[in-house]
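Student: Working from the sequences, and respecting the hints, build out all of it.
Protein chains: 2
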Amino acid sequence: MDAISQTTETDPARMTASAASALIASRQLSCEELARACLARIARRDGKVRAWLWVDPDHVIRRARELDKLPSKGPLHGIPFGVKDVIDTADYPTTQNSPIYDGARIGRDAACVGIVRGQGALILGKTDTVEFASGGRKALTRNPFNGAHTPGGSSSGSGAAVADFHVPFAFGTQTGGSLIRPASFNGIYALKPSWGLVSREGVRMSSMTLDTVGWYARCVDDLILAASAYRIEADNTPVNVKGLRVGLCVSPVWHQIEPGGEIALQAAAKRLTEAGAIVENLDLPTPFSGLHDAHTAIVNSEGGASFLPEYVNAHALLAPDLRAKVENVLQITRERLLESYTLADSCRPVLDAMFGPSLDVILTPSSAGEAPLGLHTTGDAVFNRMWTLLHAPNVNIPVCRGPANLPVGVTLVGKRLADARLLAIAKAVAPVIDSDPDAGARELWA
Amino acid sequence: MDAISQTTETDPARMTASAASALIASRQLSCEELARACLARIARRDGKVRAWLWVDPDHVIRRARELDKLPSKGPLHGIPFGVKDVIDTADYPTTQNSPIYDGARIGRDAACVGIVRGQGALILGKTDTVEFASGGRKALTRNPFNGAHTPGGSSSGSGAAVADFHVPFAFGTQTGGSLIRPASFNGIYALKPSWGLVSREGVRMSSMTLDTVGWYARCVDDLILAASAYRIEADNTPVNVKGLRVGLCVSPVWHQIEPGGEIALQAAAKRLTEAGAIVENLDLPTPFSGLHDAHTAIVNSEGGASFLPEYVNAHALLAPDLRAKVENVLQITRERLLESYTLADSCRPVLDAMFGPSLDVILTPSSAGEAPLGLHTTGDAVFNRMWTLLHAPNVNIPVCRGPANLPVGVTLVGKRLADARLLAIAKAVAPVIDSDPDAGARELWA
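Chains as they are written, first to last, in this note's numbering: chain A, 1 to 446; chain B, 447 to 892.
Hints may be right or wrong, so weigh each one.
Computed beta-carbon distance windows for the label pairs [unchecked claim]:
#1 Ser346/A - Gln712/B: 29 to 39 Å
#2 Pro849/B - Lys73/A: 28 to 38 Å
#3 His376/A - Gly553/B: 30 to 40 Å
#4 Asp504/B - Leu70/A: 55 to 65 Å
#5 His315/A - Ser735/B: 24 to 34 Å
#6 Glu335/A - Pro733/B: 22 to 32 Å
It should be emphasised that the hints constitute simulated quantities derived from the structure, not laboratory data. Glycine included, every Cβ here is placed at the ideal spot set by N, Cα and C.
Tutor: Shown next as structure tokens:
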């Protein structure tokens with residue numbers, strides 16, 4: 001699904017951002033045409049997929065026309081973005097899928113939104129999310145591959161909107177596995193950048209240590225395109241899959257793997273080996289096995305501070321599982337929290353140091369398996385939490401379908417702050433391990 | 447300056463929050479009377495002190511009357527707070543002292559504000575600040591003790607407003623020394639809580655690793671009162687100054703001390719020793735001497751991500767020193783940033799472990815000396831940066847006047863997350879080391 005083949009598509013909504021960007025730059029496609037194509041797709045599909053909370057077509061068209069009048073602001077000029085509704089936007093409400101903030105308008109873009117808007121991006125609307133990206137209510141969004149299944153969460157609407165060709169880009173956030181897991185479930189690409197590279201200003205806070213903003217796209221080139229807006233400059237050092245040193249990490253929670261996740265990880269490893277990569281098992285040092293529980297302690301303790309405003313001001317409307325964080329129902333002591341911080345802080349440089357002559361990238365599951373049946377769940381972040389806590393960059397790459405014919409991906413993990421290198425590796429690796437033959441042209445359930 | 451002596455004051459604006467709270471609870475003082483007293487003080491003084499950017503007296507009186515009609519929401523009911531103008535408020539603009547956000551209204555309280563407002567606090571207005579609490583323009587605020595001197599920064603207006611009896615409480619933020627240094631320069635108390643205990647949601651982000659919300663007050667009891675709103679529960683285990691184990695830490699930057707800072711530290715140590723405390727020199731392990739430079743690397747690198755939205759959208763209006771962060775003028779490499787993270791991460795548990803049978807609290811300078819002359823500077827955070835990076839709780843306690851007859855304080859440092867214990871120690875220690883004889887009744891320059 002590279003940029004060139006996409007230009008042969010007649011529906012601009014199905015183009016990658018990179019392909020559309022090239023056509024807009026050469027005046028073969030207008031911002032308005034692209035916007036209308038995305039809006040038409042949403043109009044046709046979102047009654048079923050329910051990815052969006054707020055889209056104002058008239059407003060979007062006006063903005064697109066304005067962009068068509070302006071000189072280009074760069075490669076994102078006119079490119080549509082969806083925004084998870086825990087992220088503030090100047091022109092739409094930010095409800096956080098909470099009744100407490102029903103219809104709430106802030107009037108200021110979150111940093112991540114303002115940065116791409118200032119470079120010409122077209123903010124299409126707001127996508128449904130698990131309440132506060134943390135607990136409480138689920139999104140209404142359905143998996144585009146099978147409406148009986150969840151698209152994952154908490155970035156439910158963003159993942160489904162990109163998979164279902166509503167937008168080429170959407171922002172999500174990850175505290176546990178809220179970016180990578182929906183990418184796996186929806187057969188798309190995602191970047192969870194290194195902690196600190198993308199400002200979280202204007203994004204609902206859940207955990208100071210864990211919250212990370214990232215984005216979805218339908219190819220690695222697009223992930224790189226969006227990254228460049230955040231000054232994560234493209235790494236053009238050649239990557240040869242032949243000889244690439246890949247550490248296969250089944251992770252300390254491998255006992256929770258499901259058939260779909262196992263098939264995807266094995267398929268990715270096999271394809272990489274066949275392409276000449278050197279795939280070797282990577283055993284993490286023993287202390288890493290404590291990171292999963294450390295994540296639990298941190299996310300619950302820090303959540304207590306994060307949800308205190310709603311606990312004080314809107315107690316009855318705050319979901320019980322979020323009230324439980326404020327009340328410290330898990331009885332996490334200060335000493336336990338300090339131990340958790342210290343464990344994570346000490347593991348991060350150990351992970352950093354693994355990368356070098358004997359390791360280019362880590363390959364690990366993105367999800368236990370395929371998207372679970374039902375909308376009462378968004379699946380489990382069990383395979384993501386450790387990497388979030390380690391602050392390392394993660395990319396999801398789709399691999400194959402599982403037993404239920406739903407997509408499953410794998411995660412590539414890079415060295416902290418070496419996001420550009422990870423993206424370059426992902427770009428080389430993706431054509432090898434992403435086997436979905438009809439990804440660009442697929443017609444999803446109707 | 448304890449609560450009881452304050453109740454003898456006739457001007458409610460000079461009362462501590464604890465004293466006013468007791469009178470409001472017993473209906474001897476109305477919320478409106480307290481608000482009017484604060485507004486009168488502001489009307490009389492702020493033409494000179496210039497602590498405030500936004501105060502709407504009519505709005506404040508309406509809110510106060512509303513609070514007088516309501517049943518008490520707790521000990522903060524009717525207690526006025528000033529809010530540093532990098533912190534969002536539902537009812538005032540948040541300009542961040544930047545021309546980019548001149549008059550900008552958000553319509554939503556930052557977490558720290560919503561939490562006290564929901565417990566009855568009266569938000570009085572917004573206080574002047576260094577631009578974005580980070581660089582660029584200084585506040586117009588003058589030091590209440592001598593208008594020719596800075597009140598410090600970046601929480602300039604908040605520090606001066608509390609010192610000059612405009613409000614009993616004001617919020618500030620600290621990334622380097624922006625809470626503790628103004629407290630030292632203005633002869634007041636401040637708590638910089640442990641990182642993570644108080645949500646930063648809705649507070650202008652400058653550095654994800656460093657930014658911390660805290661508050662000013664005119665006594666330790668008031669610091670404790672505000673802390674309780676954030677579920678930092680009072681620690682009522684008795685503290686006996688006799689036998690208290692105090693580690694005197696001149697810090698790795700002692701060569702930058704000035705006469706005022708040295709006098710204050712020595713006076714505090716001497717008074718504690720005379721009161722029976724066991725004051726012994728505390729030598730920090732060698733790696734701690736790298737923390738100051740690590741702070742520089744982190745604050746500049748993370749600032750690059752934080753100021754990118756303005757760099758993209760309002761380049762000409764962003765101050766050159768903030769543009770320099772985005773442009774990485776200091777040429778901080780990723781490896782240098784990782785080393786800085788790792789150093790800080792490894793020092794934190796070492797500091798935690800120092801506390802125990804042989805150490806109750808650390809005593810260290812709050813500022814190099816007295817407030818410098820002129821409003822072109824806010825002084826230097828050199829004595830604060832290390833502690834901010836260590837995420838440990840800090841309390842400033844006023845000690846004495848320096849050679850220029852301006853206040854100088856000292857910092858008490860506690861174990862991470864043991865803020866309640868630190869506050870209990872500060873309460874016991876303050877009467878011993880705070881010698882300003884006329885603190886409660888002082889009339890400042892007119």
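Student: Against each hint, give a clear statement of whether it holds in the structure.
Tutor: Okay, the hints, checked on the actual structure:
{"no.": "1", "hint": "Ser346/A - Gln712/B: 29 to 39 Å", "result": "holds (38 Å)"}
{"no.": "2", "hint": "Pro849/B - Lys73/A: 28 to 38 Å", "result": "violated (56 Å)"}
{"no.": "3", "hint": "His376/A - Gly553/B: 30 to 40 Å", "result": "holds (34 Å)"}
{"no.": "4", "hint": "Asp504/B - Leu70/A: 55 to 65 Å", "result": "violated (43 Å)"}
{"no.": "5", "hint": "His315/A - Ser735/B: 24 to 34 Å", "result": "violated (48 Å)"}
{"no.": "6", "hint": "Glu335/A - Pro733/B: 22 to 32 Å", "result": "holds (23 Å)"}
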